[in-house]
Amino acid sequence: MDGNGRWAVERSLPRTSGHRAAEAAVIDVIEAARSAGVRWLSLYAFSTENWSRPHTEVDYLMRLVRSVVRKHAPLLHARGIRCRFLGVGDPRVPPELTRDFADVTTLTGDNRGMTLTVAFDHGGRGDIVAAARSLIRAGVPAETVDERSFAAHLPFPDTPDVDLVIRTSGEHRISNFMLWQVAYAEWIFPAVLWPDFRAPHFLACLHRYRQRDRRFGGVLPEQNGDPTT
Amino acid sequence: MTTADGGHPGEQEPASGQGSQFREFFDDPRWAPALIRATVLEAAHPQVGAALIENSTFVMHPWRRLRNTLRSLHRMFGDDEPTRLREAARLNRLHTRLSGTDPRGRPYDAMDPAVRAWVVATLFESTVTMCRLSGQPLEQHTMERLYAEFQAYLAVMGDKAGHLPPTLSAFWLYYDRVVAEELENTEAMRIILYKLFDHLPAPALLSGLPTLWATGRAVAGPLIGAVTVASLPEPFRRRAGLPEMPGARTLMQGAYVTAGLARFLPDGWLRADAVLDVLALSPDSDDPRARAVTALHDRMRRAGALIRLVTPLPSEPRPASRTGTERSAEEFFREVLDQTGDGYLNWPDLAAMAREMSTRLDLAEAEETRLYDAYADWWRELQAALDTDGDGRVSAAEYAAAVPSLAGPALIRVAEVLFDVTDRDGDQHIDADEYRTLFRTAFHRDTAVSGGACTRSAFIGDFLSFMSGRRRSTPFDPLLAEA
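Respectively, the protein sequence lines represent chains A and B.
Here the first sequence is numbered in this note's numbering, starting from 1 and rising by one per residue.
Here the second sequence is numbered in this note's numbering, starting from 1 and rising by one per residue.
Keep in mind that a hint or two might mislead.
Partial selection, computed: residues in chain A whose CB lies under 7 Å from chain B [unchecked claim]: (1) 70; (2) 73; (3) 103; (4) 106; (5) 107.
No lab work stands behind these hints, which were simulated from the structure alone.
Since the model is a prediction, treat every value here as computed from it, not as a measurement.
Glycine included, every Cβ here is placed at the ideal spot set by N, Cα and C.
Take the sequences, apply the hints, and build the full model.
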């Protein structure tokens with residue numbers, strides 16, 4: 001979800017209004033993904049590196065996220081979407097927000113529709129380190145560790161490999177996003193800024209993804225998270 | 001159910017046991033207001049009030065306390081003579097430990113026969129009054145039989161006759177005299193009337209719904225207070241300066257009549273102990289009903305989450321999330337250590353823990369004494385290590401400043417003694433039955449269990465990590481922390 005700041009600057013607005021405009025895009029994309037039959041949707045809302053932004057902006061983001069989450073929680077639940085939040089380990093996340101995240105997770109935990117993972121205060125390397133820690137704590141002998149057993153120690157181990165990553169506003173970086181899961185992901189970089197990103201853009205990305213020939217370097221692991229099925 | 005059946009006086013042995021008159025009231029919903037009323041009258045007695053304030057856990061752990069009281073009454077008015085004697089001995093041992101002086105320097109002693117007679121008198125009088133107030137007064141001979149049962153109760157406890165008057169007519173003179181001369185507006189009484197129900201913690205079953213519980217409590221708390229005040233004897237209300245509110249009397253009688261109407265419900269719907277058992281069920285218990293309760297609990301948790309999410313943002317700061325497995329020193333102090341809820345850690349707090357454990361394990365005298373001694377040693381250790389300002393008690397701040405030094409040798413000794421007394425058959429393992437007696441649930445998934453039994457080191461490790469590491473979700477949590 002890149003380009004909020006640039007979107008605001010282009011319109012001579014404060015950066016915060018760019019974040020506010022992003023709300024409409026988020027809701028539109030969730031709805032588009034759900035009706036297109038996507039089973040797993042992840043949104044990268046806030047990275048562990050974003051803490052270095054100006055204090056006021058971070059503060060504003062926290063309050064904004066809280067109000068957005070509270071506003072849309074009943075609707076997400078009504079649509080049968082299972083929500084969960086990846087990350088949220090930093091003590092700087094306000095406890096009220098943590099509480100709301102926990103409440104949304106509890107509320108929608110039994111839903112069997114699309115799974116929406118919101119990466120908030122997330123870092124891909126951090127997750128891998130956490131998995132390694134968990135392995136060591138479990139006392140697993142080194143020889144028995146393979147990719148599958150390692151992945152079982154990642155946060156939300158039921159998350160399948162990512163099939164498609166859409167990075168808006170023309171940025172071409174991974175930015176520490178779900179590093180383990182994106183190993184074989186297809187990448188699409190639309191130039192449109194996130195606040196302008198809408199359902200048609202999302203569907204266009206899906207269409208391009210379907211036309212790609214995914215060979216997985218010659219091997220064919222199970223495509224458990226294929227969005228088209 | 002409430003009015004007298006056959007049974008003429010003299011025709012039956014006037015003792016508790018089979019066909020006990022009092023037992024017929026056990027599952028009567030009118031008991032709810034009547035028990036509160038009896039407790040208020042009890043607490044208005046200066047000695048009882050002082051003992052309650054100093055020792056009782058009813059502010060922090062009212063549900064646990066209520067369960068223990070009901071179970072004790074069941075045993076005392078049950079059919080089984082050995083059970084009754086055993087329970088009486090247990091109560092006596094428990095009360096021997098409750099003595100001291102109140103803040104004004106007056107001594108109190110829970111073994112004082114006159115005090116004990118008064119406690120029994122309030123129970124008897126409240127039973128009679130609850131029948132009167134709900135419009136179904138007891139007949140004279142029923143009342144006499146009931147009175148005889150309560151006299152027998154005192155006799156089983158080993159008190160000589162004479163502290164309760166021999167006849168019913170003399171009892172009323174005695175009762176009026178105590179109400180008029182001895183009762184006071186004690187602190188314990190004010191806490192029960194005005195604080196307890198405004199701060200009543202949710203029972204385990206409803207702990208997932210703090211918002212709803214707080215809302216209901218805010219409405220019910222003052223009502224319960226008003227109903228109870230209106231049902232107290234007039235001379236006492238005047239002397240204690242309790243408010244007379246218009247309509248309170250009608251409200252009070254309405255409450256009793258409504259509760260009395262519940263006698264038209266089908267049999268088996270109203271069983272006080274069953275209701276309390278269900279309320280105390282936590283979702284990870286393995287009770288047969290737990291699956292249904294877990295489903296219900298999940299649903300309530302979800303409802304609670306939804307309610308919190310759709311409530312407009314409140315201005316007051318919310319309590320930190322309780323989902324974590326660690327708690328802060330303050331939380332641990334409030335939930336576990338400060339059992340009496342007075343804001344300080346003191347000997348009565350630790351005695352309350354020992355009391356709860358020996359009640360659950362139904363310990364014999366020698367083992368009970370060992371457990372209390374271990375706790376007393378721990379208290380001395382705590383006092384020496386933590387009481388920096390030398391006022392004889394440990395405040396939350398003193399505790400928070402010195403947490404790491406908590407797990408000293410005396411605490412380990414407590415863990416060892418607890419293991420010994422829990423391990424009934426002495427095979428150095430706590431098997432499933434022994435475990436269930438203490439924790440009321442089967443082995444938990446994350447308990448270190450080998451071969452269907454818990455070893456000494458695992459048990460002691462668990463206990464220490466609970467008492468010092470401030471870890472949640474150990475089996476000790478429901479035992480010591482829950483309301």
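- Query: Would the stated hint for residue 73 of chain A survive a check requiring a Cβ distance to chain B of less than 7 Å?
  - Reply: Hint on residue 73 of chain A: holds, closest Cβ of chain B at ~5 Å, below 7 Å.
- Query: Would the hint on residue 70 of chain A stand, with a C-beta cut-off of 7 Å toward chain B?
  - Reply: It holds, given that the least Cβ distance between residue 70 of chain A and chain B is near 5 Å, below 7 Å.
- Query: Are residue 107 of chain A and chain B close enough, Cβ to Cβ, to be under 7 Å, as the hint says?
  - Reply: Holds. Min distance 4 Å.
- Query: Holds or violated: is there a CB of chain B closer than 7 Å to the CB of residue 106 of chain A?
  - Reply: Given a least distance of 4 Å, the restraint on residue 106 of chain A holds.
- Would the stated hint for residue 103 of chain A survive a check requiring a Cβ distance to chain B of less than 7 Å? Cβ of residue 103 of chain A sits 4 Å from chain B, so the hint holds.
The earlier numbered hints are all upheld by this structure, with none contradicted.
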